[in-house]
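One letter stands for each residue in the lines below.
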Amino acid sequence: MLATLILEDGTVYKGEHFGAFGTKIGEIVFNTSMTGYQEILTDPSYANQIIVMTYPEIGNYGINEEDFESINPKCLGMIVKNACKNDSHYKSKETISKYLERNGIIGIEGIDTRSLTIKIREKGVMKCMVTTDAIFTEDDITQRIAAICVHKADKDIVFKVTTNEPYVVNPNGEIDLALIDYGTKQGIVNSLAERGCKVTVYPAGIDSKTILENGHKCLFLSNGPGDPADCEFEIKTVEELIGKIPIFGICLGYQLLSIALGAKTYKLKYGHRGGNHPVINLQTGKVMVTSQNHGYAVDRNTLSGIMLETYKNLDDDTMEGFSSERLKIYAVQFHPEAKPGPTDASVIFDEWTALMKEYQAYPVRKADDMVNV
Amino acid sequence: MGKIQGLKKVMVIGSGPIVIGQAAEFDYAGVQACRALKEENIKVVLVNSNPATIMTDENIADKVYIEPLDINILEDIIRKERPDGLIASLGGQTGLNLAMELHRAGILEKYNLKLLGTNIESINKAEDRELFKNLMNEIGEPVPESEIVSDYEGAKKFAERIGFPIIIRPAFTLGGSGGGIAKNEAEYDQYVTTGLQQSPINQILVEKSIAGFKEVEYEVMRDANDSCITVCNMENIDPIGIHTGDSIVVAPSQTLTNNEYQMLRTSAIKIIRALKIEGGCNVQFALDTKSNQYYVIEVNPRVSRSSALASKATGYPIAKVTTKIAIGYKLNEIQNAITKKTVAAFEPSLDYVVVKIPKWPFDKFATGDRILGTKMKATGEIMAIGRTFNNAFKKAIASLEEKYTGLTMRPEFESIGYDELIEALSIQDDRRIFRVSEAIKRGVEPHKISDITKIDYWFISKIKEIVDFEKFISQNELTEEIYKKAKEMGFLDSEIAKIKGVDEKEFEKYNVEASFRIVDTCAAEFAAMTPYFYSTYNEECELDKIKERNFNKKSKGNIVVLGSGPIRIGQGIEFDYCSVHSSWAIAENGYESVMINSNPETLSTDFDIADRLYFEPMNIENVMNVIKKEKPLGVMVQFGGQTAINLASKLSERGVKILGTSLESINAVEDRKVFEKLLRDLKIPQPKGRGVKSAQEALDATKELGYPVLVRPSYVIGGRGMQVVYNDDELLTYINEAFKFSSKHPVLIDQYIEGQEVELDAISDGKDVLIPGICEHIERAGVHSGDSMSIYPTRNITSKQEKTLVKYAKEIAKKTNIVGLMNIQFIIKDDVVYVIEVNPRASRTVPIMSKVTGIPMAKIAVNVILGKSLKSQGFGVGLYKKSNLICVKMPVFSFQKLNRIDPALAPEMKSTGEVLGIDTDYKKALLKAFIAGGYKFGGRKQRVLVSLNDHYKKPALKIIKKMFGQGYFIMATWGTHKFLEKNGIPSKMIEKFMIDKLQKRMKEGRLSFVLNTPTLGKNSQTSGFQIRTIAEMYCIPCFTSIDTARAYLSAVKTYDKKVRLTTDTVSNYRKKHFFDFLFNKTK
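Keeping their order, the protein sequence lines are chains A and B. For the first sequence, position 107 matches number 107 in our numbering, and the numbering has no gaps at all. For the second sequence, position 259 matches number 259 in our numbering, and the numbering has no gaps at all.
Because the hints were derived from the structure by calculation, they are not lab data. Ideal placement from N, C-alpha and C gives every residue a C-beta, glycine not left out. Everything hinted at is true.
Chain B is nowhere near these chain A residues, computed Cβ spacing over 10 Å in every case:
#, residue
1, 163
2, 176
3, 198
4, 215
5, 300
6, 302
7, 308
8, 368
With a cut-off of at most 27 Å between alpha-carbon atoms, the simulated BS3-like pairs for lysine-lysine come out as follows:
#, chain 1, residue 1, chain 2, residue 2
9, B, 961, B, 1053
10, B, 448, A, 98
11, A, 85, B, 290
12, B, 290, A, 93
Start from the sequences and build out the full structure, keeping to the hints where you can.
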């Protein structure tokens, strides 16, 4: 059965449908990972997005019960060259098509994904529609393009993907860590828990007072979807916590910390999504290959004096991490938890949890303590 | 940071002759290394014994030594050149082993020569089985239960404890030679003995077999700052147990989850860090199909065949980056050659699938053991790129250049009965994939096939998609939609036409064209300029964009060069040499060069050789797809060996201009009848011949021609199935055998003139002919020219004969209107010069002759083809002047890798590579050739086994006397013994059937060499055959031509005189004047 992809600029791609039926409008982005489609599908940072996989053979090892990054996938659609119908893996429980179908995600295969990727690379990410409706007329397409153009991205997307209720992972962990879930990947929580953290996961709407009053020794800000500048509430919360508790952040968490410290973020033309991004540690000169998924970057020209750039992307020189030892803030743009992607950066969790252990002895400040930033 | 200070001169060691397991990939790596060093203004001293390589060209390195790869020779070069650094990790196992030897002999230290890149200790840790095992245990990486043993007793104890099957891997051998999987005690006994023998340190690893696991490889890079990346991973479609060089390989892995992929990647990086490798490294894993259990199988601390494949599969130049790392750069300081914006510290992302299939020599060696195991048997490989697995896989099958291009519709398998087919599914040989396809076609359940073959279900189901679609095409009316889908899946027009029973031309109405995509290392994330393409269907074509970008240079038009496809016996690296040089020459003439080839090992498929590279099967349809887009002025077919020549007529039929020698001329020399007439017209003598269709006709023919005669079937080319017969009995044996195979085609019978064989390569511009030099063969006629030793310049040709040779060459070139290269083979007997063969194309000897004469033959040929006269090119016309350089070419064989192959020299070619011994003194050049060819000198003179057929008893007498005189003891088989007795030469008689006794002697090294002239019959049961194969197995020199034996004895004599071998660059040898030479000697 036919399925159609219509881009904001009017380009139409026709392919074969797999997964769920329906029509969705969202932002089209591409991911260059060659493995890990299951993790990508279930990464909440892809909320409201339609993902183009540049690797052509997708679904080869099916969907298993272990490699989920969140309970429900949040992306709207997936576009591939070839979706596997006869997957092969001892852990596989169902085909990718079946999984998408069960979760309301529209899949289109048989698309010239390389040309589509080049288009996104050259024109930048844009809005698009995926639909399984039968489209016959020019008028229909024109109307649909108009609908795409007026579509507004959901500014409160973080609140749609965060947990409803707080919960604790690894209750017997020695490090008392609070994590604000902006759409966290399971990999982050697991990486922390594995290293001895008792992780208390809070919804994005949590206020600073609660975090401090609950006596956590450290705070972790997770990844999440959307434009960081839209997250006014979250930024305010972070601002209130800076200096009062050691804070660590990944991806959106890193961006929110940057904004809270006075820096600015900007939208990348087509983002970084994949598992092959080289990042150099500016202190050691060592290169790590990292897993990335972000559409925004922090502008290094807007860093305040208290922030020290720690990591840099070797592909396009964008900023990938900063720290502030005085404020006990450490954050990176990329994903040390990998899932999918290389695990080179997992050392960052080792370094951070080592610091967290040190910080266990420190007293937690009160909400109304003044801090000189 | 940056380059190591003070590095001015670096020595690069090549990998020596092409043998199974070590082929053109090291020429590709070596050239990349030399170029990377020259970019840094470092002087390069190159040593390699292989004259067919591009790396031994004078424009690649500053000083080129074509000398034996032997540490005494290397020391001489080091003493002379005093390089500051040595790069050994690009010369394969040979280069690595030599570096270790130089270290152990204290030579590196003595000359303060720094080993660049990975250090000695790391190499040792990776290569020594015991040290490696210990290191893996230390860092907690699992290795299969194994033991390192140095004797049979130890091996036996392990077997008792573990039980069969057991894998035997000898230490420090290439391509796993000497190893195997033993299923029982008898096999174990054999592998352990040969393994111990073939390991230079007499050490083998016996290992619990984990056959059936998935085999996955990672190509990893590390710099001195401990930054690591993986260039790519590759999954073997074949399970563990089949050597990765013999496996069908796909990149990237298809059936691994992200967790599995990353688990192995993390392990690979952990290992490369623990080993402190600096540069490229290959790590092989076995992964369970039902759990996360994995084992580290092997680490190659150097650039390898897999890394060449990975480079071509991803566009990431591993050898180049390895070189830059070796001279001190960090990954983030090296530019990404493809994007030119990013750096080498990244991991390629593919948006296509790559499939590699090995090319085996079993079409040539019909008696060979086709079972694949831990010992590599393939001589070459092909690679195909497609947007989907199905497309890449189909293309890969077509790239094999076999008679059939598809997965099914192969009579050999269609004719097998169902039960037999199911039974045969478990056989792991070169044809397994076709049996799988046939089984699918007959409805065998894919899971069942997967269970039997241990090939992952995913691959089986993909093959099923292809096979099912073929059925779908046959059962449905062909529509544009179906046709398009078939093209996307990789079906060739010729296949669809065959399925539908229609003419290919019918498909023109659909107006479907192939489109070309770019290999860019980054899945289109960044704009790339790489002119590296592969074809696809129903997608956008990116060619125009690239062409527009590159159109700033003024080009006179495009010219296509056809490459030579996979390396096989008879079509080796020499043709890649010619393709690369012609491509460069085309560019120098102001045209744009377009390369089409399917071989991932070679330099021609490096994307910075031609202006545009198309990685495509060398199939007429795929080649035409490129031509339709490129609209070239014409195609050069004369540089790509038989592969390219075979395409000439098909191209011409499609209106494509063949540049240089025209198709008519090619046909005139390739068509036997036309050619015979041509020679008759020119009054040039040729051996008489007949075509016969029955035994009686054959007998009649020989009555007229006289014995001996050369017989061959008419339907095979390239010397396949050729034989010399001496009497009626032998003739009838052959004829009956040949007609049993096919009675439709005549058998050709030629007069066999047992004379001096002479060969020359020439360039003709239609008017004049330039002959760089003439070579004479050491073995008398009857041995394939590729397998005979040859000498340049000639030593036994009179000046009158020389004049005749030149005259004939000129006449033939003119008469057939050759424009470009040609090769002529002659036999001289009783002062009569006969022409036996003319090849209207580049030959195997072009690289050698180019180097020893200093005439860049391929380049001059291109100039001539593009309109420049020979006279205008500065080398004159006629026979080029000789210098004082004398060289001996020696063929190198790979019999140890191939079981049950008769090593006897014959009219059909068997060698895989060659070496060159160069000097200004013939005797020294000869000795050098033997040393370079791997012969050991200086050992105790032991018994020699002599077994001669009747024909050669008399001619051998003088040589046997020589042997005796040089201190060897003769052991002879009954007939030979009697003959020697009669002629007064003492010998110990040994019965031919006492094979066991002989085997024991050879096993214990109590036999210096074997001289055995074979009796007729390809019967693998003859005792001669057994003696020869056992000798090969135990690495005992086995001469099957008395002429080779004579040359060997001469070399031994030179060695025994303790003559000091000196070295020099090829260009110096050419320059040396006789008087300088004398002067130096007296000084």
